[in-house]
Amino acid sequence: MIPELGHFALIVALLLALTQAILPLIGAQRGNLTLMAVARPAAQGQFIFVVIAFICLAYSFLVNDFSVENVARNSFSQLPEVYRFTATWGSHEGSLLLWVVILAFWTTAVSVFSRHLPDDMVARVLGVMGLISVGFLAFLLTTSNPFDRLLPAAADGRDMNPLLQDWGMIIHPPMLYMGYVGFAVAFAFAIAALLSGRLDAAWARWSRPWTTVAWAFLTLGIALGSWWAYRELGWGGWWFWDPTENASFMPWIAGTALIHSLAVTEKRGAFKAWTVLLALVAFSLSLLGTFLVRSGVLSSVHAFATDPARGAFILGFLVLVIGGSLVLYAWRAPKMLSGGGFTWFSREALLLGNNVILLAALGAVLLGTLYPLLIDALGMGKISVGPPYFNAVFVPLMAPALFLMGIGPLARWKEASLPDMVSRLKWALAISVATGILLSLTLDGFKPWATFGFAMAMWILLTVLIGFRERLKNGARWSSLTRSFWGMQLAHFGMAVGVAGITVVANYQVERDVRMNIGDHTELAGYTFTFRGTTEHQGPNYRAARGTVEVSKNGKMLYMLHPEKRIYNASGMPMTEAAVRPVLFDDIYVALGEPLDEEAKTWAVRVFHKPFINWLWIGALFMVIGGFLAASDRRYRIAVKATAPTGAATQGA
Amino acid sequence: MKRWIPLILFLVLVGFFAKGLFLNPREVPSPFIGKSAPDFTLPVVGDANATFSPADMKGKVWVMNVWAPWCVSCRQEHGLLMALAQSQTTPIVGLNWKDKQREAEQLLAQQGSPYFAVPDDLSGKVGIDYGVTGTPETYVIDQAGIVRMKHVGPISPDIWKEKFEPKLKELGV
Amino acid sequence: MSWKPVSWFLCLALALAPAAWAAEAQSIGADPVIEQRMIKLSEELRCLVCQNESLAGSHAELAEDLREEIRVQMKAGKDDKEVINYLTTRYGDFVLYRPPFKPLTLLLWFGPALFLALGAGIWYFTLNKRRNLKETPIDEKQLAAAAHLLEDNK
Chain A
17 MIPELGHFAL IVALLLALTQ AILPLIGAQR GNLTLMAVAR PAAQGQFIFV VIAFICLAYS
77 FLVNDFSVEN VARNSFSQLP EVYRFTATWG SHEGSLLLWV VILAFWTTAV SVFSRHLPDD
137 MVARVLGVMG LISVGFLAFL LTTSNPFDRL LPAAADGRDM NPLLQDWGMI IHPPMLYMGY
197 VGFAVAFAFA IAALLSGRLD AAWARWSRPW TTVAWAFLTL GIALGSWWAY RELGWGGWWF
257 WDPTENASFM PWIAGTALIH SLAVTEKRGA FKAWTVLLAL VAFSLSLLGT FLVRSGVLSS
317 VHAFATDPAR GAFILGFLVL VIGGSLVLYA WRAPKMLSGG GFTWFSREAL LLGNNVILLA
377 ALGAVLLGTL YPLLIDALGM GKISVGPPYF NAVFVPLMAP ALFLMGIGPL ARWKEASLPD
437 MVSRLKWALA ISVATGILLS LTLDGFKPWA TFGFAMAMWI LLTVLIGFRE RLKNGARWSS
497 LTRSFWGMQL AHFGMAVGVA GITVVANYQV ERDVRMNIGD HTELAGYTFT FRGTTEHQGP
557 NYRAARGTVE VSKNGKMLYM LHPEKRIYNA SGMPMTEAAV RPVLFDDIYV ALGEPLDEEA
617 KTWAVRVFHK PFINWLWIGA LFMVIGGFLA ASDRRYRIAV KATAPTGAAT QGA
Chain B
5 MKRWIPLILF LVLVGFFAKG LFLNPREVPS PFIGKSAPDF TLPVVGDANA TFSPADMKGK
65 VWVMNVWAPW CVSCRQEHGL LMALAQSQTT PIVGLNWKDK QREAEQLLAQ QGSPYFAVPD
125 DLSGKVGIDY GVTGTPETYV IDQAGIVRMK HVGPISPDIW KEKFEPKLKE LGV
Chain C
1087 MSWKPVSWFL CLALALAPAA WAAEAQSIGA DPVIEQRMIK LSEELRCLVC QNESLAGSHA
1147 ELAEDLREEI RVQMKAGKDD KEVINYLTTR YGDFVLYRPP FKPLTLLLWF GPALFLALGA
1207 GIWYFTLNKR RNLKETPIDE KQLAAAAHLL EDNK
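Residue numbers (my numbering), protein chains in the order written: chain A, 17 to 669; chain B, 5 to 177; chain C, 1087 to 1240.
There could be a bad hint or two in this list.
Stated by the list, open to error - Keeping only pairs whose Cα atoms sit at most 20 Å apart, straight-line, the calculated PhoX-like set for lysine-lysine is: (1) B/6 with C/1215; (2) A/430 with C/1215; (3) B/129 with B/64.
What the hints assert, rightly or not - With the C-beta cut set under 10 Å, the calculated list includes, among others, these residues of chain C facing chain B: (4) 1155; (5) 1166; (6) 1167; (7) 1170; (8) 1174; (9) 1213; (10) 1232.
Just so you know, the hints here were simulated from the structure itself, not pulled from any lab data. We treat Cβ as the ideally placed atom computed from N, Cα and C, and that holds for glycine.
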């Protein structure tokens, strides 16, 4: 019953989405207020019904209803309750349902927080988001129905992939989707502007907070994914440039360029064509990511069950949405007037430079990700493009962007003089270069990339501090600093922290792969690791060999780590559960490999010392906080207050 | 004019994606096509004194089927291979790959052997030399010892008819 | 005969025995230098039976066989280039995560630099155009009309 209810709810949602898409868009074209007013209730109704569908699916998982095919394929009766819940979005069908729920959530949010916007703009934005919902709901209902029944019902499920049975699964996908899908708002605003022909600073002001919040969520989602992979996969890595990882990183790069471009359009009315195009590109990349991960055209650890038939549907959808938006862009672009002039080294010029670099980096990632497919499609063989390529190409590209990050916030709008900038920044530059060289020399001999990384991190930190100092000069008070300013400073600071973390861990991490018998010890980075053997351990849905490793320093016992080798009951799949001891300045990471003898007394053990790795994710956290802070700036909220029913003002008077 | 560039770039990409839907990113072409089959000498399953080497087959077109007793897909094609051994003249050599449990002899005795010879690659080294990544994989080698074709996965009657027969005919069988 | 000293001795021997066996753990590969080289090289190679994992990190059996083969080759004195050649003759360029620099991959390796150069060009030309943009002079009539409207709304 419940699954059928869920299925029915999806159908109703599709009908509401159609209403939400078609009527308001026609209404906006014709200036028909009644049709335009359909948008808000239709959107909110759609949200209610997709949530009902989601609850029905989650319920089926929680009560172990194995007559639902999706539950039978992805869950297991012994699976702990929390993972039974997260299994709702652990499959292709379920994750698409999550997509749709989050899209409806964003749409509802826009419908609620848009009282100050012109009616036709609201109608168009909600209408475009409705079109996207229609596409996804249709896809769900025709090719990927999560409520398909399995008759006769399975006795038990095939279990969730052990790699997903981690609490990263609880937050990473929802946060990632909040970001990914959130760019649909910026996309819809861009389309609305193109359709109405009104593309001005006001439009930028309205789009900006939505885009920044989506960007912050995406940053959080990617950071969580990286952190989860680090803890879960057992080889100590935190980014593999896997196609699915790239599929989330590319929208992030575009989104970063977008929020910076919006700043210029809002403040100076310039870069309109750029900003609109970036808004279209960011969401297009989100959709492209969805295609790449579900169609089977690329090989990835992360890919859902791949199916060319589904791939064809998504591709068709991409052609409609992205192709359509780009046609609209090409048609309306000449109508967009350019803003004011600006000179070299003005903030606009530096932001343009920043965007150019980010887009080159985006191009590089896209090229590397798609190149194997390009070569194969042209019948020229099969090649692989992996981390060595991306690292070789991406790091040098980002370098100038990091440098600009220091100068940009300090440059004046419209016009800035180079001698002035040099005099303000020369000490910061000198200290940064000195830091880079000295740190690198004292730590492990001169390493060029380490020097560069340290110098950049210090540069960004110092310029952030200079930013504060200059704002507070002449008696200005701390309370006069806007949230927007704080957000920017925190986000850039977070970048510095992240760069420092990456620099240290990439250049100074060490690992050792040893065979350990009970009582054996090995040393790494000043720590001594003593293996105390393994014990049998029974988990809720797995059996484990639980190792005990004593970590000591200078003879003093510090703590014990318990890496595990698990075999999951339902699938028989083995999995390594690494033991990580996170500390601010260095992680100790121990993973059990294979037992090397019959009685499992000797094991292959991998030990890592990962200095400063947590700075990566702490830095990302600062960026997320900065993003949310900037989006909550007064000027976005004042607009809402000022256009509260004008009746109130006349009544009070 | 440049306002049309994003759309054009996108459509080019779509073309590649559409083609990509028909391709399998994990199917790796063999670098041995057109090159000499790597030489080896291995003991033969079921006969302690005999050995097998590709040189033994010079002058004939032959098929090398890489299989293993523990391989489930190999069981699928076993029936077809038995029929082929009867119905056509191209000898099928069965390279026994990484048979740690030593089950090949018994299995072939029980289920019948379609193989002209069964070289025993216990360590998997010969497999590595041929670029084998799993079982079953099947090679077609010509009279001069040159590898002419490689098929990954079990052979079905359709695949034999559409892929193997034309190739064998081309080689003069 | 008193058993006490014998039993004491036995206890002592048994207590010390594990200490005699427990030792500095040996590296997995017999030679740590070769091991480091092997790990570094296999980080840039692809596991052929996995969806997308490096040869260094994969637990698959074929991956272990290939890692062992690389150790053997390195011990025999082969340098990295020769080992890579050994693998590509058997598995093709697909096994390399660092695409080889050949005509087929020219676009791949030069692409990013090209993008940057293109971007720099766009930056330069846009700035040239913007530098000379004059501000549109304020239209006095429009300004008066706007002031009028504001008055009306009060």
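Please flag the earlier hints that this structure goes against, numbers listed from lowest up. Numbers 3, 5, 6, 7, 9, 10 - these are the hints that the structure violates, sorted from lowest upward.
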